[in-house]
Amino acid sequence: MKSKLKGLFLFIIATFLLGLSRKDLLYGWIDDWYMRKKIAETKSQNPNELRFETQKLDYDSLQKSFKNPNLYFEVVRLGHIDFNSYKRNVKKVEDGDIAENASESN
Amino acid sequence: MEILQKTHQRATKQYLTETRFVFYCHIKIKIPLQPGAETLIDQCFELLKSIDEQYNSYSQGSYFDRINKNAGNWVEVDETTIWLLNELDKMKSISNGIYNVAVMPLLRLWGFYQNRSCSLPSFDQIALLTEQLKGNVVSIKDNQVKLTRGNELITGSFIKAYAVDQVVAFLKAKGVTDALINAGGSTIYAMNDQGHPYWKINIPHPTLEDGSWFQIHLSNECLSLSGRKSSFITIDDKQYSHIINVATGWPSLNYQAVTLTSSAFYGDVISTVLMANDTDKKVNENLKQAFKDKLKYYVINDAMPAGIPVFIEC
Chain D
1 MKSKLKGLFL FIIATFLLGL SRKDLLYGWI DDWYMRKKIA ETKSQNPNEL
51 RFETQKLDYD SLQKSFKNPN LYFEVVRLGH IDFNSYKRNV KKVEDGDIAE
101 NASESN
Chain B
1001 MEILQKTHQR ATKQYLTETR FVFYCHIKIK IPLQPGAETL IDQCFELLKS
1051 IDEQYNSYSQ GSYFDRINKN AGNWVEVDET TIWLLNELDK MKSISNGIYN
1101 VAVMPLLRLW GFYQNRSCSL PSFDQIALLT EQLKGNVVSI KDNQVKLTRG
1151 NELITGSFIK AYAVDQVVAF LKAKGVTDAL INAGGSTIYA MNDQGHPYWK
1201 INIPHPTLED GSWFQIHLSN ECLSLSGRKS SFITIDDKQY SHIINVATGW
1251 PSLNYQAVTL TSSAFYGDVI STVLMANDTD KKVNENLKQA FKDKLKYYVI
1301 NDAMPAGIPV FIEC
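From first to last, the protein sequence lines are chains D and B. The first sequence: position 74 = 74 (my numbering), numbered continuously. So the number in my numbering is just where the residue sits in the second sequence, counting from 1, plus 1000.
Everything hinted at is true.
Subject to a maximum C-alpha distance of 35 Å in a straight line, what follows is the list of computed DSBU-like cross-link-like pairs (lysine-lysine):
{"#": "1", "chain 1": "D", "residue 1": "K23", "chain 2": "B", "residue 2": "K1200"}
{"#": "2", "chain 1": "D", "residue 1": "K92", "chain 2": "B", "residue 2": "K1200"}
{"#": "3", "chain 1": "D", "residue 1": "K91", "chain 2": "B", "residue 2": "K1296"}
{"#": "4", "chain 1": "B", "residue 1": "K1229", "chain 2": "B", "residue 2": "K1049"}
Some chain B residues judged to face chain D by a derived CB distance under 8 Å, without partners named:
{"#": "5", "residue": "T1012"}
{"#": "6", "residue": "K1013"}
{"#": "7", "residue": "Q1014"}
{"#": "8", "residue": "L1016"}
{"#": "9", "residue": "E1018"}
{"#": "10", "residue": "K1030"}
{"#": "11", "residue": "I1041"}
{"#": "12", "residue": "G1185"}
{"#": "13", "residue": "I1201"}
{"#": "14", "residue": "N1202"}
{"#": "15", "residue": "P1204"}
{"#": "16", "residue": "Q1215"}
{"#": "17", "residue": "L1223"}
{"#": "18", "residue": "S1226"}
Read the hints as simulated data drawn from the structure, not as lab findings. Backbone N, C-alpha and C fix where the C-beta goes; we use that ideal spot for every residue, glycine too.
Same shape as in the complex, but just chain B (with noise of 0.2 Å):
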């Protein structure tokens, strides 16, 4: 009889897990080994193909790739198009203007998205294309979209976790309650219960390359992390992120930004914003005004910081 109470006490819950390339990185969808478990996982990476080919401005025909390659024309765009624009647009004035859904242009003016080797662009380009993207570049009248020609939009920073909102939502309406979805490692949302009340989550150091920095139990929240450790560019010996602050034009000065938030569409957007703010402090005040009681994260701006970062309760 003890002998079948220990072995019972080890005994762990099994989880089906399947990963897949969509959106240019692998998405690993975990979820509780049951009856129709693998149909279920099929489903959810149908639908993360669904909205890839309809919303990644890198999709061929999608909605945002046609308003790109028709800008300074209306295109018709369904009601998420619409959400998704307008919720960006909230974040552009929140952030003051760090963050811009139409970065696209400062991104290849500082050599990102090209296949040609780099040079620091001049500070003309530069003030030239922050005070395009200071103006309104995206209008929207009913179920049409313009954008200004010139620009470009990029659905890197959020189209990604708003599928996996999707994923998490189309779980729930399954009954699921305990699963685990890892978009990339910079998007993981996890669905917890009482039988499994967290997922352990190894938080990469921002500098340092081998092992985990420290970890963190991760609750029915999602946590978004951004950082420049990998995503960079070299230009005469000098390292410049890829998050650009679009305010001044130039690449963020931080090192890794964190947000734990119960929406990972949010969640990545405002880790982008506070990745990109090396400027603004009054940004992450109105992000903790706008953000109240529905959003954690930390900062870090110095290659080496002093000790594990405290998450800022918002």
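Just chain D, with the same shape it has in the complex (with noise of 0.2 Å):
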């Protein structure tokens, strides 16, 4: 039993470093699970019961000033980002067959 887990834990470690030598097809595989985990999340969900959190903020009388203890997110303004530019570059396999359409735009 020992030596089997054993086997199966070296099986997954060979896996994950045979991945890590293609590794977008390690990403691709880690967002399509975390996808699929979150749509499932999201469909688990029942509408009716999404409340808004609420968060009860401290007056510090000192510093007239109030404080959030709780852990918190700030939204930040990144001004112009081309997302494109980081997208990874993903090879794919097509037949001759598939039309390719001209278009005037870029």
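Got two chains here, each in a separate frame; can you build the complex from them with the hints?
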């Protein structure tokens, strides 16, 4: 039993290392898995039960300002970002019968 | 045995494709799936990127950018820039000034490439710029170029196509005989051999949005398409094409021009000339003579053409 577990563990490590040499494939799997998980989570939620989260602010009388004791994220404006440039280059396999679309636009 | 034969007949050749954003458009390269294909595609995109950086007028520090920024002064350039400028000057002559690589001030006057509300330019302003562009605004001396002050070159009508020609030459040198390069849909180069005699290309309707208009088979040549369906400016509820007839100074009234050539560079420039030319019938005759046996084209002048166009063979 112990040796079987060890074998399984080594198989997982080997698969992972193999995956590292094909980073695009590995990241693609991770993306797919994460998207499926998120879609399933969203579908399982009852929209009627969704509520806005409320957070209580504490007033600091010395500083004369409100403080948020909860963990929260501020919205940061990043300006114009070309997100296309961050997309990984993906190669695909197609057959030669697919018609190509001409277009006047770029 | 019979089943095996049927399966074999149904099998189609497989290709490796990749699309990347270069020259401000999506460029797709499709080559046969074989060992080394991935590296070959990467090398093609490196070549495109290098040409984009060196020659695109929008690339900071490119030869054309330096010529524009140093207008009025001599700028040292390479042989390719000299060759491009000489060829473009020939096209200016053939087109009787309808095509001009220094069209940028006119485009700006009409409101293209700037963030401001559009109004119709004054007739005087248009006349002033067309007169300015009739003259020789680009001077060449050995390996130096000087642009007359107040002018600006724009490489949009040819540089992407020039790069496609370089990719085709590179692939041929590497022994590739079957490939497709689709640069933004407006420049599509088909490479073919006996095993794959043509690529199918869908041509869009000049005005209607949905679907393709008709399909052609492209074989060892380049399709270049110019149109005004998606690239225009609206002034007082009227649409004006982004392709300007430099001889008149006004946006062209044509709807679509398509060329088939063995060179993407000439194909793109000629399709721009044909699209821009809404006044001078002699220009198309000039093109027929200059590109005898090397050019097929059609031009759509009406919004709703009666039928599918027939290519004119020069």
